[in-house]
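Line by line, the protein sequences give chains A, B, C and D.
Numbered per our numbering, the first sequence spans residues 1 to 373.
Numbered per our numbering, the second sequence spans residues 1 to 373.
Numbered per our numbering, the third sequence spans residues 1 to 398.
Numbered per our numbering, the fourth sequence spans residues 1 to 398.
These aren't lab readings, by the way, just hints derived from the structure by calculation.
Among these hints, one or two may not hold up.
Below, in silico cross-link-like pairs of lysine to aspartate or glutamate (DMTMM-like), each with a Cα-Cα straight-line distance of 25 Å or less [what the hints assert, rightly or not]:
id	chain 1	residue 1	chain 2	residue 2
1	D	Lys287	A	Glu229
2	D	Lys224	D	Asp194
3	A	Lys262	D	Glu397
4	B	Lys33	D	Glu357
5	C	Lys287	B	Asp304
6	D	Lys224	D	Asp193
7	D	Lys287	A	Asp128
8	C	Lys262	A	Asp128
9	A	Lys33	C	Glu208
10	A	Lys270	D	Glu397
11	B	Lys33	D	Glu208
These figures come from a predicted structure and were not determined experimentally.
Residues per chain, in single letters:
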Amino acid sequence: MNFELTDERQMLADGLRRLLADKTDLKAVVEGKHPWSAESWAALAEMGVIGALFSEEQGGFGGAGFDLMVVFEEMGRAGAPEPLLEIVLAGGLIAELGSEAQTAHLEEVIGGGTQLAFAHGEPGSRYDLERVAAKARQDGDGWVLTGRKSVVANGGEADYLVVSARTSGEVDDREGISLFLVPNDVPGLDIRAYPLAGGGRGAELTFEDTPLPGEALLGAVGGAFAPIETAVARATCALTAEALGLMERSKDLTIDYLSQRKQFGQPIGKFQALQHRMSELLIEVEQARSAVINLAGHLDAPRDEREIHVSATKQLVGQTAKLVVEESIQMHGGIGMTMEYDLGHFARRLTMTEHRLGDTLYHLGRFARLRAA
Amino acid sequence: MNFELTDERQMLADGLRRLLADKTDLKAVVEGKHPWSAESWAALAEMGVIGALFSEEQGGFGGAGFDLMVVFEEMGRAGAPEPLLEIVLAGGLIAELGSEAQTAHLEEVIGGGTQLAFAHGEPGSRYDLERVAAKARQDGDGWVLTGRKSVVANGGEADYLVVSARTSGEVDDREGISLFLVPNDVPGLDIRAYPLAGGGRGAELTFEDTPLPGEALLGAVGGAFAPIETAVARATCALTAEALGLMERSKDLTIDYLSQRKQFGQPIGKFQALQHRMSELLIEVEQARSAVINLAGHLDAPRDEREIHVSATKQLVGQTAKLVVEESIQMHGGIGMTMEYDLGHFARRLTMTEHRLGDTLYHLGRFARLRAA
Amino acid sequence: MDLSYTDRQQAFRDELRAFLDEKLPKHLSDKVKLGQRLSKEDHEAWHATLQERNWLAGHWPEEHGGAGWNAVERHIFEEETTRAHAPRIVPFGIAMLGPVLMKFGSDAQKAHWLPRILDGTDWWCQGYSEPGAGSDLASLKTTAERDGDHYVVNGQKTWTTLAQFADHIFCLVRTRKEGKPQEGISFLLIDMDDPGIEVRPIVLIDGEAEVNEVFFNDVRVPAKNLVGEEHKGWTIAKYLLTHERTNIAGVGFASQALANLKRIAGAEMQHGRPLIEDPLFAAEVAKLEIALMAMATTNLRVVSAAADGSAPGVESSMLKVKGTVIRQEINNLTRLACGPYAVPFVSEALEPGSNIEPVGPAYAMPATAEYFNNRKLSIYGGSNEVQKSIIAKTMLEA
Amino acid sequence: MDLSYTDRQQAFRDELRAFLDEKLPKHLSDKVKLGQRLSKEDHEAWHATLQERNWLAGHWPEEHGGAGWNAVERHIFEEETTRAHAPRIVPFGIAMLGPVLMKFGSDAQKAHWLPRILDGTDWWCQGYSEPGAGSDLASLKTTAERDGDHYVVNGQKTWTTLAQFADHIFCLVRTRKEGKPQEGISFLLIDMDDPGIEVRPIVLIDGEAEVNEVFFNDVRVPAKNLVGEEHKGWTIAKYLLTHERTNIAGVGFASQALANLKRIAGAEMQHGRPLIEDPLFAAEVAKLEIALMAMATTNLRVVSAAADGSAPGVESSMLKVKGTVIRQEINNLTRLACGPYAVPFVSEALEPGSNIEPVGPAYAMPATAEYFNNRKLSIYGGSNEVQKSIIAKTMLEA
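The following block holds chain A by itself, in its conformation from the complex (with noise of 0.2 Å):
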């Protein structure tokens, strides 16, 4: 048993912690200048960070939960808006599933000089993994794609999409579900980009009579709910470790303006009621702490025991993540919900983690059921 880093990871981790110092514009972001840094993207492949979300022998240099963990709690510390999580789901599934000229795109992404996306959810599907409508019909060694996928972060800005789309079954089986490597150039597909809540930018998707080659393929035909499901528990603990960052940041500065702020002739950080308050944030956030660790050292469990650990993390944190946003916002007063004080970017990224990958309730009742099972 041992909770320390790995002094690799450490390293990782504080030089990360200085990178995204330096290059967050977070008033950029803020006030819509960018939806993220090409500048901090670069610095950050430069630096080894996005392969270090894949294995070796992917073409990284990690790819374990812990890897996950220390990179996502950094860019959450600094509330850094660049389409990371991304890497992990479309790029996590190009490597398990790409044929060989498919994975020879990592090599490019791990450069930092291909972005991609992950187009799945559909207005129907809300955060259920295995509901897709969109349907690829074989046609000649090919396919036709058409449906709508929504939502899709950083789906204006992907050079490459993966996306899914139903090529057997009912709306709602796991069987049947196939994966295609797409450009984003493909005829038929109209994509209308927006900002995002919380930094970045999504897209909505709609492709209708998309031909793909016979190679767009991803993986086996019809059997891409497992490797999506693996995906997106790997991306869980991205996620979480992120929220986790951003609620430490969060707690920080809460922590400073306690300290600071005076009123009825003392720092507020004197008067008990919101000491006592705030003793129970940081009680959770180390709670949150332990469930995202859980998370990361039981990515590569059996499936049904690491959706367990993938539901009761991201149930723990999002509860979380509430608790400290408004308690944040609280203690601060007014202050805390303008932009020009940093604090609003984090409580509304934060916040945002709350509707990806299935909220609080969600995961609450996938829980239970999978507990029942």
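Dock chains B, C and D against chain A, hints included.
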């Protein structure tokens, strides 16, 4: 719109408060010297408190929701364990459904000379009113009753029992439930009585081939569900009003303690964290009061509307009761856990109100289903 | 005990409903319903419509141009207008300054300012908070020094809602530095067109800029604009905080928000069924509905006591705390109900006059912004922490 | 990062399991499982069994008769014994006084008292709290006046757990009235058989009398029973409060209680189906299980750091607060799961040796008593409020 008590009810409340303050001997209850006091019971009857639970046409001089509220809030405030709720249930059913011979008992009931109990719940029914497994089969002009009734409050002390049994249908059918008015000494009735955690006594009743005359039937054959639900709605109003009184008293004891008890050189009521928690408690108790008012004001509403309020009020009062019990004990510290101090009895009795007529989660789910219907 | 309205109150409610049916334009109620922001013209038009019927300041006494409503009537008005998605009456002139002038103003001040509030000549905003003096109003620093028949005002106010629309501001200013901090404060009326005033918007976490900073740099204010006695402004501030907070529980808003939440949860699908059928989601909605049912009655209890002449005491603090928490929780659940479509953040789509197509369902568009915007509910108007301290003080010193 | 035990730790765990299989009598584990009270003999027998294997005070250094366990080994012991429903080791001698004597005691004191703790000669109890001095230990009033080679002790202690079984008590007493209240306290060992000592049971809300008041009336205590320096007892008290609290998170107890809750909810029927299938009930159980999964890891993080030599700081306060709340919530849900059968209250049925038949299912019998009994968890050992203040102080002054 008017939230003032009528003069009559205000007089009843004031008189009852004085009477109970005088007659209630909590030490005796806590030490198990008696489950409740025969002397108090006689005094309650003499003051007309039992009669206040019945309408004039039933031989009483009250019977409205706000009469129940006034009486039971005072009972709660005193922590009085006398089995008045059984009168609302069993007495209410006799008044509603009884033949002339059966309703004739009510005079004695109102006069304090006859004790009642409502034998309805069973080991497998939990809080479902329609789940009745006890069976009554017709036998000539009479009936034969077999089955088990569990945690029957006052079951060992009652002179007469109102017993439910199934005369047709499946175990959870609403149709096919019948009621019988039965003296406590019928053949084949086994009674195991025991103390209850909040004061008073309960009993397990086992009927084995108990013969009953035809006149024992109370109301129409198989049609008892609706009257039972109505009686339980009234009892829920009474029980939540009692809980309100228990909460008010627990709150008052806690406020006194916070003002008197010193720690670190000042009254602990000066500590802001406790102040704020106490304020939250006060707010919730006012919410509970409003909920009881809502139910009292809707006892005569159409069934669905009435039952919405039954579940809403029981849910909210149950939730508040837990808060009040736990916070009162916590703010008292160790002394709050001793039975020497009155709070112990209030906390126990208040907590036990959750285990009667459906708990918080039960009614939360029921409310949601009623709303969806 | 009687939970229903009297015949007279019911008649008033019916009259109101008919009025709203006829006079509330659909384009306006649609905006309110969808959470779109209102323009200055929208507000002014609605105020004028109400004033035609003498209902803009219904709770004002008739001698000052009101309808003399008691607390129950005022409650009915608020309930019905909210239910109809009418714009909220901008409170600064009608609900705040008006009653202050009636109680503390000179006859000349009443005669001059009150009619201008009613006919819309003046748009008021409120200059209370300062950087560093939020809940602790007594520590405010903006100064007003007497110079002949003028005060010279210097300092800064903040969180000034809708200052961008306003042409006048009522301010708490410090007129004396010695003595207890509460005893050197005065209440001053200031023309926003005066030289030396600058308004800067504050962008909030919901992307909106409805609040502002207001800077005063040697602003000369005629001494006749002092309301009440010099140095006695604290009394007025307290009066406003405890007596004139309208609709503090926000029951009407909460009811609307809850109905909206239920509509959304009926439209959103989860596992192929309406989200509202999910037992856990339904239970969360149920908890809030049950709390709101109780709070509506708590509110009526307070309103009813006020109509009978009781001064609101600690009850208004309780309503503030519980009312804001319930509304915030409804906002939270509404955001969650919208699922992934709560994340797109097209702030311009909420601006008056926008015809940007929503990204997902129209109801999802304002959900996140409203959640964040309404965090303010527990902060302003005396933060919930301040309210809890007031309650505790009353309780423990009783 | 590695969440699993090392091979050596796993071997220790297996050894423990085999030992428990063989040596823990079923009549004893059944009592623990059913929440029945243990007799003095039950405790003594189990202590003796452990001591045979040298595991009664496994965390003591080998020189004093322990096994020299580090924090992880101690954690494994606690986890496994709890899982097996072994009686909890009575902490007063083993976990509290022992380490105090090792750190602060004279050589003579160590040589005399430590072996007697291990072999069961002495049963200790703790004299800290007083009426009026709960969390505020420094305000204690029991006095010890020096008289030749004795101290004369007068005063009252309260909340003394299992004093009815004890023959010795270690006490904080006031030896000097001047100066700061913390600086006049001493740590004294007292024989309960001494004249002038009286023990009175306190009946608690769960119907049990496991705590007591202890009265001292001119009790003469030999001066050699002073531990550490005179007037420096505060240092010892603080040492005990922060360093020697065993199993503070109570993860093992919570896990057992959760498993018990799930069994009950699987057996209880609602609407004709097991209660655990009710989505709302299952969600409440799930919330607690998720919280416990996280806390188990928080606990391991602290244990692991302690094994590496870190001094426990604010973490033990965090574990205390969260651990007690989780256990209390499990107790609450267990009580609710039992439904109406949580109401019968046959206190005698929980006494050692009782063979009263339970009223309902046997699992329902102790549910209400345990719920009430465990309200103490957040009160004693430094109340949760005190812990939160400690956390805040560390956090805000860092």
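Tested hints:
Taking the CA atoms of Lys287 of chain D and Glu229 of chain A, the gap is about 23 Å. The hint holds against a cut of 25 Å. Pair hint Lys224 of chain D plus Asp194 of chain D holds up; C-alpha atoms about 15 Å apart against a cutoff of 25 Å. Of the supplied pair hints, the one linking Lys262 of chain A and Glu397 of chain D holds, its CA atoms being roughly 15 Å apart against a limit of 25 Å. Pair hint Lys33 of chain B plus Glu357 of chain D holds up; C-alpha atoms about 22 Å apart against a cutoff of 25 Å.
A distance of roughly 18 Å separates the Cα atoms of Lys287 of chain C and Asp304 of chain B; the hinted pair therefore holds under the 25 Å criterion. Between the alpha carbons of Lys224 of chain D and Asp193 of chain D the distance comes to roughly 17 Å, so the proposed pair stays at or under 25 Å and holds. For a cut-off of 25 Å, the pair hint linking Lys287 of chain D to Asp128 of chain A stands: about 21 Å separates their Cα positions. For a cut-off of 25 Å, the pair hint linking Lys262 of chain C to Asp128 of chain A stands: about 21 Å separates their Cα positions.
Proximity of Lys33 of chain A to Glu208 of chain C is assessed by CA-CA distance (about 17 Å); at most 25 Å being required, the pair is judged to hold. Straight-line distance between C-alpha atoms of Lys270 of chain A and Glu397 of chain D comes to about 10 Å, which keeps the hinted pair within the 25 Å bound. Straight-line distance between C-alpha atoms of Lys33 of chain B and Glu208 of chain D comes to about 17 Å, which keeps the hinted pair within the 25 Å bound.
In this structure, every one of the numbered hints holds.
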